[in-house]
Every structure is written in structure tokens, then in C-alpha cells.
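Chemist: Residue numbers (the numbering used here), protein chains in the order written: chain A, -16 to 291; chain B, 113 to 545.
Rather than coming from a laboratory, the hints here were simulated on the basis of the structure. Hints may be right or wrong, so weigh each one.
The calculated DMTMM-like cross-link candidates involving lysine to aspartate or glutamate, where the alpha carbons are at most 25 angstroms apart (straight line), are [said to hold, decoys possible]:
id: 1; chain 1: B; residue 1: K334; chain 2: B; residue 2: E350
id: 2; chain 1: A; residue 1: K51; chain 2: B; residue 2: D524
id: 3; chain 1: A; residue 1: K51; chain 2: B; residue 2: E421
id: 4; chain 1: B; residue 1: K371; chain 2: A; residue 2: D(-8)
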Amino acid sequence: MFSGYSIADLSSIFVMQGFAGLSLFSVFVLMSLGLAIIFGQMGVINMAHGEFMILGAYVTWLTELFFKNYLPGLFGGYFFVAVALAFIAAALLGMLIERVLIRHLYHRPLDTLLATWGLSLILQQTYRTVFGPREVGVDLPSWLMGSYHFGDNIEIPINGVFVMFLTLIITLMLGWLMYRSAWGINVRAVVANRAMAGAVGINTARVDNHSFALGCGIAGIAGSAFTMISSTGPTAGQQYIVDTFLVVVFGGAQSLIGTIASAFAISQSQSTLEFFLSGSMAKVLTLLIVVVILMLRPQGLFASRIRR
Amino acid sequence: MMLTTQRATAEGLRTNPGLRRGGTSKASRYFRLPLLAAALIAASHFTPVFAAVPATAAVDSTGLAVTDSTVKVGILHSSTGTMAISETGSIQAEKLAIDQINQAGGVLGRKVEYIQEDGASDWPTFAEKAKKLLVSDKVAAIFGGWTSASRKAMLPVLEQYNGMLYYPTFYEGLEQSPDVIYTGQEATQQIIAGIDWVVKNKHAKTFYLLGSDYIWPRTANKIARHHIEKLGLKVIGEDYYPLGNTQFNSVINKIKLKKPDVIYAIVVGGSNVAFYKQLKAAGIDMTKEKPLLLTISVTEDEIRGIGGENIVGAYASMKYFESMDNPANKAFVAAFKQKWGNDIVIGDVTQAAYLGPWLWKAAVEKAGSFDIDKVRAASPGIEMKNAPEGYVRIHENHHLWSKTVIGRARADGQYDVIYQTPQLIEPNPFPKD
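Looking at chain B on its own, in the form it has when it is part of the complex (with noise of 0.2 angstroms):
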């Protein structure tokens, strides 16, 4: 979810070539002998080496944090600004994937540790901070990002130094790098199946879209509007408000005026508390179904703030709720709020950060290495079938292969699941006309 449309200057971060992973540089060179002789030498002599855990110099050729025994990798969210609302539970899922994944022997036989940075709500902190994880920490895998800008910020710095970020909104689309793997749904894979399904059970003929005023809920609406159009449907009312916005009346006035058969509300932030609130106390009843509401943008950490007994009867479309009924996800759900606490909620971002290191780790055993190189080429078709949300398969675009569901919210904050696609739905980030 991009948040604003600031970009990092990539100035300053495009000056020393020299560091690039896996280059040739002299520099590297020089430095990483040393380093693989003692390595050697350690592994030989002073710890024990089992069978199962290839030597360091095997595994790791481009002067990785990764010694026998452990192998460092970042997790760069914001811990405090604006988005620590938001960011928070996703640094709580990577450090429980983090967690299990060490007690279940770690990768290639390594322990992961983990260097926690702090984006702090700030796009160019986020460049800053990859570039520090990636050129001193030398970390093999980095999970983090949550709003778009602040992935676009760091793009440049992954793709210079050689990085993988494993980012986990969803999000608008328009984008395949071979230095992120996308573990959230982008735009098409989210809406597509969201409408169809209104279309189909619900009858829907007239929507009205509304949104905040940023790239992630135009980019969608664009999206929602085109295939509402192609079905031969309607759309009589496009709005979009700032963001912070907190009074509503007008719209709501407007939709009451227009009565759609359908809102398609993407709001985010602080103004989808103004909204649900300002919406149920201007007499529109959810359960009612008229209109109905569909969302995209509320997981059950905003109706935390939002409060269920506000937002209870919209729908939402995404791929993962805390309620789905299967014992990966029982098993996930009750793990976290082990870990974390019982008061805690799960949203589809949240799961999707759970995925992150997962699929790493599968990449890096078919790989049988950290090379970043390597574990890239390995990506694609990883699949993990014991995943909270079911099964999912990274595709060749970098992006996962991920079942869309649609869920009810009910008052106490949690949705009934209500639908899920038969079939996975393809990731395609840039769809055509």
C-alpha cells in the first residue's frame, strides 16, 4: 500500500560499484580470502562438523553474514511513525517464522539470526537502512517494506548491492523486480475475484468506488472500474478523499443519493475508522446488504480500530483471514498468539510477512546455498503447501500463485469466511486492456 508518491534519491547509494555482491571488484576479493581460509580452517578443526551441514564456503561465495553455525538476515519495518500501526504485525510474523524455523534445525543447518532496523515511517530511512543491512550487516535475505513508497525506495539499493527483499502488502502492481519476491496479492489477484463474486451471488448491476487519495486505491479502482465495465456494469460514482480525511457525511450522503448496489471502499489509515463509523451512524446497515460493501483495504487490524460493531456485514476480498478453518492456520494462529499475546489479531499482510522467511528458506535448500544469485534462480515454482492461506507457489514474475477469499465481518472483529476461488489465480502485475 503506497502511501505517498516520494521517492528515495538514489544519489549517494549509486557511488561505490566496488561493493556490489558477487562482483569482481579487487576490494572484495581481497577481503573474502582471508575470511573463507579462517573459515575453513574453524570448520576443520575447532567445531564439529556434521554430515548434514555443508561447509560455509559451499553455501556461501559472495562474503554473506553466514558462519558455520548461523546466518544473519534484516527485518526492516517501522517501529514507530505512522505505520507502526500497520508494520508491527509483520515484524511480530517474520520473528515467529524466524523462531520456528530455527527450532526446526534452521537453514542449511544455520542458525538465523535476525538485526532488526527501523524504517521509521520514513521512505529515504528505509533506503538508508537496507543499504546498511546489505553493505555491513551483509544480510541474506531481507524482509520488510510496507507501504509502496517505501519499497520503491529501497528498490535502487536492493538492485545495486545485490539484495532480496521479501515484501508482504498487497498491493497496487506495476512492478516485478529480480530482487523482491512479492509474498502479497497484487491488484488484479485481489479485485478480479472479489467482483466476480458480488456479480455473480450478490447480483450486483451499479458500484460506487471510493478510496484514499494515493496511487494503491487509483491504481485498483482503475482496475475494479475496467472490469466492472467489461462486464457490462456499471460504475455511477468515483471518490477519493485525502488521506487523514476524517469527515465522510458528503460522500455518504452522495451514495445514499445515488444508491449503488455495491460501495467499493478502499480507504486506509485513520480516515477508515472516520468512515465505518461516520457510515453506520448515518443509518446504512451492512447486514442490510443495501448497499452492500466490498472492501480491500480492512484486515482485523483495522477493526481493531474501527471497531466490529461499525463494520460488521462488509465484505472483504483478500487472501487470508485469522478465521480460516484449516489446521495450518490453527496451528499458525495459535503459535502467534503464543508467542505474542491472546488479544492479538491477524490480518492478510501479517500471514502473507509469515510466508517471508519460509520461502526463503525453501529457495536456499533447493538452491543448497545463500547465494543471492542462486537462491533467485531457485525462486520460482517454490511452493509451500502447508502455508496459513492454503497453497502457494511463487511464480516465474516473482509474485505468488494464491487463492482469493471473501469474507464477512462480523461484530466481534473477525470475518466468516464466506467464499474462496476453486483455483489459484495467476499473479499478473501488469494486466492489459
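For reference, chain A alone in the conformation it holds in the complex (with noise of 0.2 angstroms):
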């Protein structure tokens, strides 16, 4: 298929691809961290995942329109402001219903899973008639549009490159947090063996409480980003769940580095198949591989070795 260009042309789609690939892995990434924390960290299997990354983006939408009408004059950044708002939106929002639903659920995992269902065609409800059902524009500030030229032919997208260090600042700061904290120390302590936690005078439902929150937090951040290259109306939470479930559990439930991993491999397949093939067929292929790979590694990519 490359016959008939010009090598300038092919090596500038080879960068410009090569960019893609790695805003698709930060998007994973982005969407993931939050599940890997509820998912794996906890065992909560959380469907309603995508509402909480729409109640980021319905927050930015709001927070943008606050700026845009009271102080159109930092209308450049207020972007940083509702990312801020998202987490901590997302995050209450998680810290409630943690403890109203899930706390009672956390040794009946199906249960949760039918539990969390439920609450997302709650919240997909709640969008739609409190914010309608149409879908809502959230207007960029100009600094965020547009790409970097470089040479004739390569454009590297501007919010591409905000996705891609938003992710970095986020997975830096949540490794600190989860590896290098004493919160953190508490969180794997509580994962590795709950009775013995407790024991020590760890007060474990705390934990569960603030990890919760933490990874709704997180959705939370990942929504208000993602309203830079999708859609945010009350089910656009829809489109990100079985991907971030694949990402998790293909990198191994417990594992970050394994989650980030998974991101890195999946999203580099899927968009260099993507360029050989038809965009489904890429999905299929690398669903397929997937499969696969599962099949002959059931426990994921990384799993950390813990007593349960």
C-alpha cells in the first residue's frame, strides 16, 4: 500500500502514527488508573466506571460555562480549574456511594457488579434530566487547539500532547501515592491480607472508603480531559467501559505497572492495525489477541504475587 509516495511523505504518517498510537495509550492509561485502583486494588467490579468519568466532564462543561459568562478573562485556564473540580466532584460523588452501596457488597463481588450496573443507569438518568439529553460542546480555550507543525507534513495535536502529560503528571503522582506513602503502604497492606491490616490497627474501611474515592476521582480527571476528544452527553460513559475493563484486566488485576503495560500493548496494536486494516476489523483483531493471550495467561500480564 505504500507504493506511489514519497519518502517524505511516509516518514511524516510514520511520526504522525507513531503520535497516535501513544495518545490512544494515554488515553488507556488515563481511563484505566481509576479502575485498576476499585477493580483491582479493591475487587469492586464497578460498571458505573464510565458515569464518574462523565460527571468530570459535566463538571468541566459547567466550570467552562462559569468562566465563560463571570470571568471570561481566565478563560485560558480554566481548564486546570475543572480538572481540579472533576476529581473532587467524582471523588465525593465516590466517597457517598461507597458508603451507602458498596461497603455491604464487598464479599459478594456479582453483587456489585449488579449493583454498580444499577447505579449507572441511575446516574445516566440523573445527566439526562438534569443536564438533558442532548449532548452539550464544552468549548476549548484557543491555547488547547490546533497542532504543532513540524516540517511540511507533521501536525501533532495540541490536546494530544495535554492528554499525554495530564496522564504522566497523574500516573507519577498515584505511583508516589500507592508506592511511596504512607497511605499508600496502608492500601497494599489492606489488599494483601484485610484480617491481618485490621489487626495491626489499620482502620480498613477507611481505606476502602478514600481508595474508592481515589479511583472515582480519577474517572473523574479522565472525563473532564476526554471532553477535548469526545463527546459528553449522559451514556457517552458507555463508550469507555469495555476498554478500560480490558485494560485492567489484561494487565493483571493487581497490578499498575501491569495496567500501564496493558494500555501500552493494547493501544500500540490497535492503531497500527487500524492503519493496515479497517478500523472494526483492528478491533476484532486485537480483541482476538486479547482472548488469546488470556487464555494462555489467565492471571494477566503482571500479577503480584499476594496471599489471598
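Reconstruct the complex from the two isolated chains, following the hints.
Modeler: Here it is, written out as C-alpha cells:
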């Protein structure tokens, strides 16, 4: 398929395609990190993960409206405020949901599946009632639009770069929190052995509550970032849920490194295949590869060795 | 626009043939006679009878929900679930039309009352609710459906219980039911005029076809490819992405590599938003028309989600734009905004939904009866001279003769009308090679 194109054309396309792969990678990482905590660390099958993302998206939209109407001078910076607010809103909702719903179901994983699925329907209908059934458009500040030009043909979308940096920062912060902070030690202790963690004085109920809230908060940030690249509507969260679970399960449920490696593997194979095949076929092949690997290695790419 | 190929199981709907309307089963006759008698007595003794209002018995011989002063119709769209985003406009348009009809004196002197049901974006639910509207509520017409899947699910019910559906969406064609009036365009009407226009006016030679992966875009692109190749031009790429896909960077790169003259895009739903945002971010400026983008799936409604600045410069071919400049459309837009709010936009399907009640009214008045069979017989040839889109007429195949319009997206989310076919285009739901 490459006959008839100049070397310059081809090399610029390869650069852009490489960027497309990286950008898909950062999208996958961002949407999966929250679930990696909730499903991976806590074992809660959270079907409402996409709806927490959309909460972040709506918060971003509201922030945009607020800045546009009341603080037009600061419009260029609204996105940073929106990301922070999205985290707070989603984390607070997560905290509440954990308190009233999830904590009663920790020993019944299949029931959490049903309960959170119900929750996702309730949230969708709530968004529809509050914000209306139509999609809303989130305007970006001008510095986030357009692309960087390199040479004649290479154009790198600015918002893609922004999502990448955001993903990098969130990942580093989360890594620090989980592996370098006292709170992270508590979380990992509860995951490794709940009874023993309780016995040494860790308030496991509180750790659970905060972990769930953190996972939801990160989902909110993801939703906020995705207003730049896709739609914001009551049911838009459904677009992400399958891919999100795929990444987390494929990576090995207990491992953050696994989630990142799996996001990388899936995004690279998908974007490469998409270039040579039709989009639907690329998806089919990617899923097929994942299924085969999971058959050979049911625990996922990186399974942490813990005592259950 | 069909969203999945899922079909409703019609089992369980086919078990009660005695209920078929206009049939001669004992049950229906048994119930009808006392009702008729009661209606006649009521008409002659208790209500003032105007000369202009024909007696109920004369306008309803099959036991529909018609009284001396009212007639019931059904509105059946999704007000919850994924499709609520698209179907809300249709509900609003149909309610507006019914309001206006009532203000103008109703149909055959009777006030139109609607029963609204929710299809909930679930195709078997559409079948169930259609059955409820026909069997329990005995509505004289149903205005509803949006996705092809919902229409296909309702078809067996409509045919079994003899109903009449006014279906508003532009769709893939390949269908013609005696129980449906299709007020949107079928695929050939929408596609061929658009391609002819870019070939003639923009000297397009090469096309890149792109769509969401389900029946409507695939069928539409098949028709488009056939027509493009018949003109001796080339399709240099064809790509489909799953519904709800949000990453289009790879295909955008392919488009950049292959440099087509025209991107022919039939992406739907949330994918639409992702596609145009990423196209813009990748530096493809559609106002420069290199390449030019032509779509048949983005109405003003979709642009609200996409954002005008992300799609400015794209061309769309359909039969109606809110900005169309004629007195009937101005009145329609003003009435719509007065009823539903100023910040609302009106897309192609919304306008087509608005035609439904009016076309039904005209057919009923021509037939002089609400009977489904008589309305069906009266429908072909019904015209609407002052539709917002202009003049339309019902064809023998139950689709509408209509003109196709090319619009160009503006940054404020509206379209500029660039071109309108001079002649009405004949609906051709079963195109031959």
C-alpha cells in the first residue's frame, strides 16, 4: 500500500501514526487508572466507572460556562480549575456511594456488578434529567486547539500532547501515593491481608472508602480530559467501559505497572492494525489477541504475588 | 438510522389474530355495536352537532379511539436511553404540529390528543409499546421510531394490527411497508444529489468513504461507491469504525496520506464528536476544502455536541436546514423556538417529524375517515405545499418526493444553504444496479 508515496510523505505519516498510538496509550492509561484501583486493588467490579468519568466531563462543561460568563479574562486557564473540580466532584460522589452502597457488598463481588450497573443507569438518567438528553459541547481555550507543525507534513495535535502530560502527571502522583506514601502502605496492606491489616491497627473501612473515592476521582479527571477529544452526553460513559475493563484485566488486576503495560500493548497493536485494516477489523483482531493471551495467561500480564 | 441489526422477536405478537382491526371477528363486532349506538345517541342528544363535524360512525368504522370531539394518536420515541439524544427533537416537533393542528380546528372537527410512550432506546420495547398503542389505546396513527432497528421491530406489530406509522428519519431504504409513511429521505435521495454536486462544482475526482459500522452507513456507502464508480471516478479508501469509537487518529493519518478530494463521512452518535474534534486537532481545516468533507449524518442537532468551530466548512447533503430561507420555514422555526426555548436547534429529522401529523391530517381529510385502510388508500399523492423544507408529496411507495439541499457548516452551528436541487427527487428505496 506504500507504493506511489514519497519518502517524506511516508516518514511524516509514521511519525504521526506513532503519535496516534501514544495518544491512544495515554487515553487508555488515564481511563484505566481509576478502575485499576477500584477493581484491581479492591476487587469491586465498578460498572459505573464510565458515569464517574462523565460526571467529570459535566463538571468541566459547567466550569467552562462559569468562566465564559463570569471570568472571561481567565478563560484560557479554566481547564486546570475544571480538572481539579472534576476530581473533587467525582471523589465526593465516590465516597458517598462507597458509604451507602459498595461497603455492604465487599464479600459479594457479583452483587457489586449488578449494584454498580444499576448505579450507572441511575446516574445516566440523572444526567439526562439535569443536563438534558442532548450532548453538550465544551469549548476549549484557544491555546489547546490546533496543532504543532514540524516540517511540511507533520502535525501533532496540541490537546493530544496535553492529555499525555496530564496522564504522565497523574500516573506519577498515583505511583508516589501507592508506593511511597504511608497511605499507600495501608492500602497495599489491606489488599494483601485485610484481617492482619486490621489487627495491626489500620482502619480498613476508611482505607476502602478513600481508595474508592480516589479511583472515582481519577475517573473524573479522565472524563474532564476527554471532553477535548470526544463527546459529553448522558450515555457517553458507555463508550469507555469495555476498553477500560479490558485494559485492567489484561494487565493483571492487582498491578498498576500491569495496567500501564497492558494499555501500551493494546493501544499500539490497535493503532498499528487500524492503519493497515479497517477500524472494525482492527478492533476484532486486538480483542482476539487479548483473548488468546488471557487463555494462555489467565492472571494477566503482571500478576502480583499476594496471599489471598 | 439503524443502530444495530437486532430484531424484535415477533412471537407472542402473532397469537391473537381476532384483534386485527377492520377484521370480521365476532369479538370486535360484539364490542363495536353498543359503542356505535352509544356514540350516535350521544351525538344526537347531548352534544351540539355542527354541520361541519361528521358523525363519529361515519369517520370511524373500525373502533379507533375517536369520539365526537377528539381523536387519539400515539407518539412513540425514546425519551430515555442512548437514543434520547436524537429523538427528543422529533417528540418536540410532533407535539408542536399537533398543537398547531388543534389550533386550526383539529382533524375532521376533532381535537387531536396524543398518548406518549417511551421506546427507551430498546427495540423490543418499541414493538411492545406499538402494540399497546394499537390494541389498548386504539390510536388512529403513530408518530415514532428513529433508528431503523426500532422501525424494523415495530413493523410486524403494525402489519398485524393494521396501524399507520409516520417515521421521520433519513434511512438506508430497501423497505416499503403499507403501514409506514417515511417522511425522511431514503438513501439514494440523500446521497446521489450530494455526490453529483461535489463532482460538478468542486471537481472532485477521488473519495474516501468513512462510516460507523452498521447497516445505514454501509448501505449508504455502497450506494455512494456505486454512483462514484459509475461517474468514472475513484474511491481510494473505505473504512468503518465500531459505534461509540472515540479514536480516529489512525484513519485521519490514512486520509492525510492518501489525499482524497472528498472525505465522505457517515459517522454517528458520540463518535461524530470525537471524529470532528480530532480532525480539527490534526490540522485538517475544512474551510480550505483540501480535502473537502461531505457528510449525510450531521444535522444542526449533532453540531451542538461537536461544537461549531470543530466542523466549520464541512458540507452536508440532506433535505432540510434550519437556515432555509422561506416564509413557511421562518414561521416553523419561530413557533418551535417559542414552544421549546430559544437556544434549541432544528435538524433534518426534527423537520421530517413535524411533517408526520400534517400529512396524516391531509390524508384523513381526503379520505373523510380515520379508518386506517382509507387513510392508506388516500395517502399517495398527498401534498404539503408549505412544509418548512418546501413542497413535498407522498409517492406511491410511501416515501416523499423531496428536494436535496447542500449546506455548509458555519462556526455558530448553523448551515449556510449552498444549493438545492431544482427538481423534486423521486424516492427510490430499491435502487437497481
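Chemist: Work down the list of hints and note, for each, if the structure agrees.
Modeler: Checked hints:
For the hint pairing K334 (chain B) with E350 (chain B), the CA-to-CA distance comes to about 10 angstroms; that is within 25 angstroms, so the pair holds. Between K51 (chain A) and D524 (chain B) the CA atoms are separated by roughly 16 angstroms; this keeps the pair inside 25 angstroms, and the hint holds. For the suggested pair K51 (chain A) and E421 (chain B), the alpha carbons sit about 16 angstroms apart, so the restraint of at most 25 angstroms is met. Between K371 (chain B) and D(-8) (chain A) the alpha-carbon distance is near 11 angstroms, which keeps this suggested pair within the 25 angstroms criterion.
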